[in-house]
Amino acid sequence: MNGWLLAIVQTGLLIAAAPFLAGWVKWVKCRLQSRQGPPPWQPYRDLHRLFGKEVVVAAVASPIFRSAPYLIFSVTALACSVVPLVAIGLPTTAIADVIVLVGFFALGRFFLALAGMDIGTSFGGMGASREMTIASLAEPAMLLGVFTLAMTVHSTNLASMISYLLENPFQLYPSFVFAAMGMVLVAVAETGRIPIDNPATHLELTMVHEAMILEYSGRHLALMEWAAMLKLMIYSVLLVNLFCPWGLVVDYTPPALLQGLLVVTVKVLLLGTILAFAETALAKMRLFRVPQYLALAFILCLLGILSHVILEVN
Amino acid sequence: MPLNFALLAVLAAIASGLLPLACAKSNRAIKLLAFPLLGLAGLCGIIGGGLALLSGTSHRLILPVGLPWLHTHLLLDPLSGFFMVLVGLVTLVTAVYGPAYVREYERGPQPLLPLTVFTGLFIVGMDLVLLAADAFTFMIGWELMSVSAYLLVTYQHQHERNRSAAFIYLLMSHIGALLILLGYGVLAGFADSFDFARMAAAQLPLGWGSAAFLLALVGFGLKAGLVPLHVWLPEAHPAAPSHVSALMSGVMLKVAVYGFIRFTFDLLGNPHWSWGLIVLFIGSISAILGVLYALMQHDLKRLLAYHSVENIGIIYIGLGLSLIFAGTGHPALAALGLIAALYHCLNHALFKSLLFFGAGVILQQSREHDLEKMGGLIRRMPVTAGCFLVGCISISALPPFNGFVSEWLTFQAALQSSVLSNNILGALIPVAAAVLALTGALAAACFVKVFGVCFLGLPRSERAAAACETTLGPRLGQIFLALLCLLFGVLPTWTVAQLENIARLFFSSGMPEATAHGWLWLTPVSSEVASYGAPLVLLGIALAWLLTWLWLHPRRRRFPVRIGPAWDCGFGPLNARMQYTATAFTMPIRRIFRPVWPITEEHQAPSAENPGGRYRLRVGDWAWLKIYQPIGRLLLGSARRLAMIQGGNIRAYLAYSFFTLLFLLLVVSL
Amino acid sequence: MTALYLTLLIPLAATLCFAVIGHWKQAGTLNLLVCLATFGTSLQCAVEVFNHGALLSPGKLFYVDAFNVYLLLLNAFVGLTTAVFSRSYMAHEVEIGRVDDARMRLYHSMYQGFLLTMLVALTTNNLGLLWVAIEGATLATVLLVSLYRTPESIEAGWKYFILCGVGIAQALFGTVLIYFAAERVLPGTDDALLWSVLKQHAGELEPTVLTLAFVFLLVGYGTKIGLVPLHNWLPDAHSEGPTPMSAILSGLLLNIALYAVVRYKMLIEPALGNHLPGYLMMGFGMLSFTVASILLHRQKDVKRMFSYSSIEHMGLMTFAFGIGGPLATFGALLHMIVHSLTKSAIFVTVGHAAHVAGTQSIDKIRGLIRTQPAIGWSLLFGTIAIAGFPPFGVFTSEFLLFTATMKSWPWLVFPLLFGLGVAFAGLFRHLQPMVFGEPPAGQLPVKANMLPVLLHLLLVLLLGIAIPDVLSRWLDQATIMVVGKGLL
Amino acid sequence: MALTQLSLAEQLVLTLAALILFTSFLLLAQNRIVSLIHTFAWQGVLLFVTTCLMAANSGRHHLFISAGLTLALKVFFIPWQLRRLVIKLDIRRDVEVVGGPSLVMIAGGVLVLFSYYVVLPIRELSFLASRNTIAISLAVILIGMLMIITRRKAVAQVIGFMSLENGLFFAAVVATYGMPMVVELGIAFDVLVAAILFGIFFFQLRSGIGSLDVDHLNRLHEVDR
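Chains as they are written, first to last, in the numbering used here: chain A, 7 to 320; chain B, 117 to 786; chain C, 40 to 527; chain D, 11 to 235.
For the record, the hints were derived by calculation from the structure and aren't laboratory data. Certain hints may be false.
Said to hold, decoys possible - On the chain D side, residues computed to face chain B include the following (Cβ under 8 Å):
hint, residue
1, 159
2, 227
3, 228
The beta carbon of each residue, even a glycine, is placed where N, CA and C say it ideally should be.
Okay, chain A solo, but in the shape it has when bound (with noise of 0.2 Å):
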């Protein structure tokens, strides 16, 4: 029971600290950018200000169109419940493992992309086919990235994954830097960063995401960023929990609760900062230049895999 009431708790947790995380990468980039920025709270002033908006839909839309914000947030924030963000083997976690997660964000890019196209304008359709040829490059590298793991660890559970790395804290696994930096990039083109898209343009051509929610206005459109964020918080909880795991709780004290929140606050944030570098540095990519950098990604965790197999299994 206790442990349900800790899911429930940690999940709330990930999904409120959600837009902080957002506005926290913007902000190091405006500073970086020697702009003053708006601060790391402004993603909770637009979210409530949009909520507080009335909503106008279009005469075509259909259905899809209209759940597809609930839809898309119900299964962000499933995801959330099953990623562990301050203790591991919470009930939560065994409902999906990794592969299932995988699957909870292409079930909501699979209605983002629908309701990109219901209205029948020439962006959303553009918005959905560019997200749709991304992920579908994307996702076999994220796998086969998670496979790497799963392979040195024997298992697709995170909580497990977590706890093997726990166990064996100090062993070096080149299989894992590859699978690292390769999640990095998918990581990086999932939730719709540059180089691969830019979350703050909106010049037509070069927007992915943007793209498909133009049409979306009031309560709809804060329900979609806020699953965004979402989305950009728990790939970031992923990554700094499975390549450096250290800091989450096993039992669950209230003062260890209370460190481990702690300390992968810090790792995020960490995380966020240097995401913002990336940013800054670089320069957004043409549409048909994304393709090699996932097939870069996806060569990176093969190579996790082939020296997994050659190097690590004996």
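Chains B, C and D: place on chain A using the hints.
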């Protein structure tokens, strides 16, 4: 008892096929006779097969027909029972869906009768294949199935396209049948009997075993549609009436898979791991090429047909894994692979027939088969759209629907490759898994295209704008299948537990851990390794949705939704031609995987007489261009040269006779 | 015994009568009745043989055993059903003025004459008379091939005449050589050509002479079977003659010639002590089978196409008899039945189809199912049956042949497979446009009696689903006679 | 065994065999139709004589019937009918084109050798002449076929065919003292019918094709032209 039901199913199907012959004049009578009997056949099949599957028992019967020294052996074991259920399910839905659907043909130039007759016989053929326990009966059922399907494909034979599709289908099917026969011949050579029980008991040396295996792989692969033996599939499926396409794609391909499983796992036994590797390789190729080719199609049924190639590929990946594990002595993992494959058979049968039924409704209501001319159908046919959406989600392997479960199981099987001592295999299997992942992602892209272009947006043609929802029967059929898709997605644990009965037939153990944690949790290897709580996923999504909805409810009252024109970045009024087309949607993928397809593009810049400009894209099939056409040319060329012997000159003819005589005399006197 | 004599006498009398009254309006019906009578007596004959074993006529001139009695029955049956077809077909020909009274007399007389010669060939005990009868069958049909007096039909008739004449002359030389060998063992008797006698003395005959004799017999009767490269007359003769003729040529004459070869093989192979006749038959069979299946692709005339299919199937049977062994022989015997039933059904259908379209050209026959469903579906199912799809009987026999080949000559299975696949493709690529699609404008149905076709196809279907016990025991007896070992 | 040890009758048979072979060669070389018919008739005479000789020598009197049939059919009826047809169809003067006469003659010689080679393995038992006469008759048959192949005129083909049958009869008579009577009668009947049919066909060919040249019979073929 189960066998009685199965036999009743066969009889009902026969009756459904033949009884309408007695009242050929009245379409009404034909429909009243054929479809209820078909439904009965389906129902009996489900009950009989289901009983056999659930109880895990085998039932035998010998009928005094067939060859004088080889009477007809029938066998209903969990494996055939399972496939019997598949056939029964789709047949049942066909019986519900059919009467309204065939109304279209009553006005057409063809009489209705052949359609119902051959549908009945088609089911008979499939059931017979499943029940057969000797090679002769098997082949009779097999070819009955092929020929009936051929006659169904040619049902609308006024179109030349349909005829050539049917021809290619029957030709390839016939060649496949001959190879299968050859495979049985090899087995029978060692067993000295065509009885399956004796064949299964016979021990083959590896060389002969491999030969038989390859024959079966190609023979059944021709029917199942493995790349590069798939070329008939995208031709035949669009040609057949939609409920027949559903049967063909949903079940007939599965019957081929059944044949392969029966042959390889049961009759051959003791698989060698290299067989598994071959199957894995071919399955991966089929999966990825199937989906890539599907992406480029814009004929709806053709697209679905290519997806069948993809899904058969996925099934074969599972089978390949199972063979590899079985060949290296890991029965529990082999069971996992087999169960994954079987589960995918079930799922594919459900969602592919659902999609074909949906496609049939679209075709019937909009009279369009070209995606580029559809659009906005969701507003006029919401039920069909909803069910089609379920099909799309399922086939794209998205949780919590059924397609995801089987792919997940396949992934789990693939990830166990680290138990293999052979490192090369250990490295290759994850690559196959990555291919599977790529396939799944591309399938999702493809079905976003299908659903988006077909149902969403604005109608792209007058006909699409005029389409309306279908009648009760087809709606019920689709809803039923959609519910099953959800059900088998949410209750995988129960399903896997039943499928274990099949795995126990071939492997010493089932999957002891898989269902050990109650119906909520599916843990194929152990709960530490992987777990999936499908009901909880559904519950979680629903809960999250409900919470969000409740949370936003006050605001909804304060700010009701305002309906307005589309914003579209302020570009002004929308029209249908501004939308992304199916061709445009897949353009990035086309660029990325360019060498995969033989593509011809025609551009025509806008000019004075043609202000719109013109762009045309044709996507062929390399297998057709590089394999089948050369073979055809070779054959016709050799026929042309051979025809010289029939040159018309009688003196030449006499000279043949003369020299034959001299030659033979010389031969015997040497 | 009376039944046997009646079986032969009825057609003989009919031949003579029809030479005078064959042009009567009722001649077709009469012809049918005569065939019915013949069928009745042959049935009686079969029952006798089945109950009491082989029949030997007092003068030892006729001998009916399990092997030939089933062919006898088959002959009479196909003759009967073809007569049903012939009645309406020839009435139509008279109506459109293609034949006059004199030719109708010739036609009906020769129809019976042909049946007579074949019945004689089957039942005779004398190998010389066998030759006479088969030559007689050629002579009876040669004028029927050129019945229409078109340049093509005359050409076909001439080719048929010369090629078969020369071929069959070689068979006579083979017969003379057999006689020569037998004379040494049985000097001074007239029994030296009697099958029943020769069979008992087979072991004493001079092998070298027998070898030579078999070569001549194979080339001779092989010409009649239509073995490649001796087959050239066959497509011409089948395509140009009246269709009932094609039906019985393909369904019966080829079988009889094969029957003759098998009889000789039964005699010669034990005497030689080696498998040479078998090898020769296998070689010719396989060659015919393969070549015919490839050439099927190039046909433009529908009857010509199906005659190639006949060559293909005769090749298959020859091959199977060549393999020897009970399984292959049983299969080949069964194949003789199903092939002649199916093929004559097809020719009957094709005859009607040609009437519907007004031509035999494949390019012009279109949309049969739409114009006249009975003909279209019959043609379709006939072709499906002949292509070897279950549940039709052709599949059963091909299954057996296949199995037998697998057992004794595994590698020959591949050309066999290839041939079956290619032949199927050849048949169907031509068949499809004929039966399916839109008919040309103005194409009207004709009066057709599809009873024979239905009957034949149902029989073939029955043989595919379950071989009746009577027949299987019968075939087994014949198999024992041919190879000395049965299956059951 | 030397030739001298044989009886006179046997020597005569051998001589007749040689003569029949000679007439075969004559047929092969002849290029006028009427002469062909005459030569064929002479071959028939030789066959008749041989049959009579065998009948007298062996005491099998049914052979006389056979001889009579030969005389009637091969010497009188068929040559007469052919001649009548040739006159009626006005093809007397048609000079037969033989494809390379010397080559054909050489081929004929080779065939004789080949025939001898083929029958060589036959075990000798009783009558010495039989094996060699079989060789001769085989040669006559093969030369008959060669003639059919090398002649383009239908009439010449018929004569080749009939001469081929002569070879058969010769074999039957000399090697086995004729076939059983019922067979002889049957064969004779067939030959008679065949001869009549040939006559009918000549007319049909003339009226239908307009020529008796068999190379003009080329409508039925499967070659792309």
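Hints, verified against the model:
| no. | hint | result |
| --- | --- | --- |
| 1 | 159 | 5 Å, holds |
| 2 | 227 | 6 Å, holds |
| 3 | 228 | 4 Å, holds |
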